[in-house]
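S.K.: Use the sequences and the hints to build the structure in full.
Number of protein chains: 2
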Amino acid sequence: MSNAVIQQLLNRRSIRQFSGEPVREEDLQLILKAAQQAPTSVNGQQVSLIVTRDKDTIRKIAEIAGGQPQVAGAEVFITLVMDFNRTSEAAALAGEKHLIERSAEGIVAGAVDIGIMLQALQTAAESLGYGTTPIGGIRRDPGAMIELLGLPAKTFPLVGTTLGVPAATRPQVKPRVPLDSFAMNERYDTGKVSAGIRQYDVTLRQWWDEQGLGTMPTYSTSTASYYKTVYFPTIAADLTRQGFLFADQAD
Amino acid sequence: MSNAVIQQLLNRRSIRQFSGEPVREEDLQLILKAAQQAPTSVNGQQVSLIVTRDKDTIRKIAEIAGGQPQVAGAEVFITLVMDFNRTSEAAALAGEKHLIERSAEGIVAGAVDIGIMLQALQTAAESLGYGTTPIGGIRRDPGAMIELLGLPAKTFPLVGTTLGVPAATRPQVKPRVPLDSFAMNERYDTGKVSAGIRQYDVTLRQWWDEQGLGTMPTYSTSTASYYKTVYFPTIAADLTRQGFLFADQAD
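Protein sequence lines correspond, in order, to chains A and B. Numbering follows this note's numbering, with no gaps: position 195 of the first sequence is 195. Numbering follows this note's numbering, with no gaps: position 48 of the second sequence is 48.
You may find that some hints are simply not true.
Since the list gives no way to pick one copy over another, a pair counts as held whenever it fits inside one copy or between any two copies.
Below, a list of computed lysine-lysine pairs in the DSBU-like style, where the Cα atoms sit at most 35 Å apart [claimed, not checked]: (1) K33 / K228; (2) K97 / K55; (3) K228 / K174; (4) K33 / K192; (5) K174 / K97; (6) K192 / K60; (7) K97 / K192; (8) K228 / K192; (9) K33 / K55; (10) K97 / K228; (11) K174 / K33; (12) K192 / K174; (13) K60 / K228.
These are calculated hints, taken from the structure and not from any lab test. All of these numbers come straight from a predicted model, not from anything done at the bench.
M.R.: Here it is, written out as structure tokens:
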């Protein structure tokens with residue numbers, strides 16, 4: 001048994017080229033409203049969105065993200081902000097101190113909530129015919145994003161998403177590591193994970209070849225090229241500047 | 001213009017009571033496969049799932065999460081594992097070192113990917129009529145989860161989700177902070193966020209009263225009660241033990 005939701009998820013692709021047609025304002029409002037119902041840790045609602053429609057600002061974000069044409073070409077850019085300013089003010093209203101942003105638990109729970117919201121936004125947008133791509137590249141210079149968007153203390157821009165009408169040519173769905181090396185039964189299976197990498201290197205190589213992109217690296221090479229360096233090297237310092245601390249705390 | 005996806009997202013609720021009916025294996029496979037197509041940073045696929053069907057193990061997870069009946073009553077529990085073991089092995093195959101798990105960027109990107117996957121799993125499951133609730137409570141004792149699921153170095157259990165057939169009575173959709181205090185235009189607006197908290201305290205109070213739960217705390221009180229403490233105080237230490245380090249690194 002399948003359905004429209006499953007089919008949409010199975011066919012999901014990052015869309016990096018846009019037609020230039022506008023995002024309808026009523027669609028955008030529906031996307032935001034639908035995504036807002038996504039779950040959030042302890043109902044803290046520690047995610048806020050900054051919706052950028054201004055083309056000059058979108059171009060600035062594209063530059064901050066490393067000069068990404070897929071960002072510059074988007075009609076709308078949404079920045080997902082981990083927001084412990086809201087919860088801190090709520091705690092103050094209740095006459096309590098607020099410690100969570102100065103803990104590893106707070107940062108981890110906040111980042112997971114950001115991911116939840118990102119997927120909800122993208123799912124809603126895609127259902128209305130729009131295309132999106134997550135943009136982690138804003139973490140190349142979080143300080144610049146903080147200044148551009150006027151983000152206060154206890155908030156942090158963790159990721160963004162483009163939004164626009166897809167160009168006529170839709171990219172093919174990209175294969176994933178074998179399902180049994182991704183979703184394991186009862187216990188982690190290092191053998192399956194190992195075998196999955198080797199099989200996926202072959203699968204992805206064939207897929208790139210089919211796309212006419214024979215020079216693209218396969219999984220191992222591509223992953224190594226990213227993860228042999230820490231490509232965004234200021235996250236801890238930028239978090240600290242915003243009032244966060246990744247540490248355990250006894251109460 | 002709305003559609004089935006938007007309607008599902010707008011009506012989303014955490015489901016904490018299950019009928020006890022089984023999750024069909026073909027549905028579970030479809031949920032896993034659909035969710036796997038969710039986006040992932042640099043196509044690293046640094047998320048693995050451990051699917052628990054064994055009822056004894058589910059009961060153990062419920063205990064680890066603090067004695068949660070909603071976990072013990074689930075038919076299936078899925079643990080979302082931040083997995084830099086996979087990428088590390090991929091890097092080794094390519095003959096490169098792997099630094100990313102010893103960086104703030106790696107942990108943050110991994111946690112965002114976990115959230116993306118969580119929402120994809122829940123969206124797929126709900127479309128097939130199942131109910132879910134995210135379970136951050138596994139972070140109460142990550143070490144116990146690591147042992148129970150046999151998680152190797154460079155992996156970490158960040159969050160889980162229950163899965164089951166909802167009981168007959170479906171809870172009402174819970175209101176959120178005002179849309180204009182959640183999704184802001186162009187720049188963060190501290191005034192809107194402040195006003196939103198105050199308005200939401202009233203909205204949520206009315207909603208609890210309508211549910212016949214007049215003793216439930218409103219937003220400010222509830223948030224303060226969580227965030228005045230660091231309720232899961234071992235996350236940084238547990239990450240370190242698994243080989244992670246939350247730090248900036250120059251290459």
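S.K.: Determine for every hint whether it applies to the structure shown.
M.R.: Against the structure, the hints:
no. : hint        : verdict
1   : K33 / K228  : between (39 Å within a copy, 29 Å between copies)
2   : K97 / K55   : neither (40 Å within a copy, 40 Å between copies)
3   : K228 / K174 : within (23 Å within a copy, 44 Å between copies)
4   : K33 / K192  : between (40 Å within a copy, 17 Å between copies)
5   : K174 / K97  : between (47 Å within a copy, 26 Å between copies)
6   : K192 / K60  : between (44 Å within a copy, 25 Å between copies)
7   : K97 / K192  : between (47 Å within a copy, 22 Å between copies)
8   : K228 / K192 : within (23 Å within a copy, 42 Å between copies)
9   : K33 / K55   : within (23 Å within a copy, 37 Å between copies)
10  : K97 / K228  : between (40 Å within a copy, 5 Å between copies)
11  : K174 / K33  : both (29 Å within a copy, 13 Å between copies)
12  : K192 / K174 : within (21 Å within a copy, 41 Å between copies)
13  : K60 / K228  : within (28 Å within a copy, 37 Å between copies)
In the structure shown, a violation is registered for the earlier hint numbered 2 alone.
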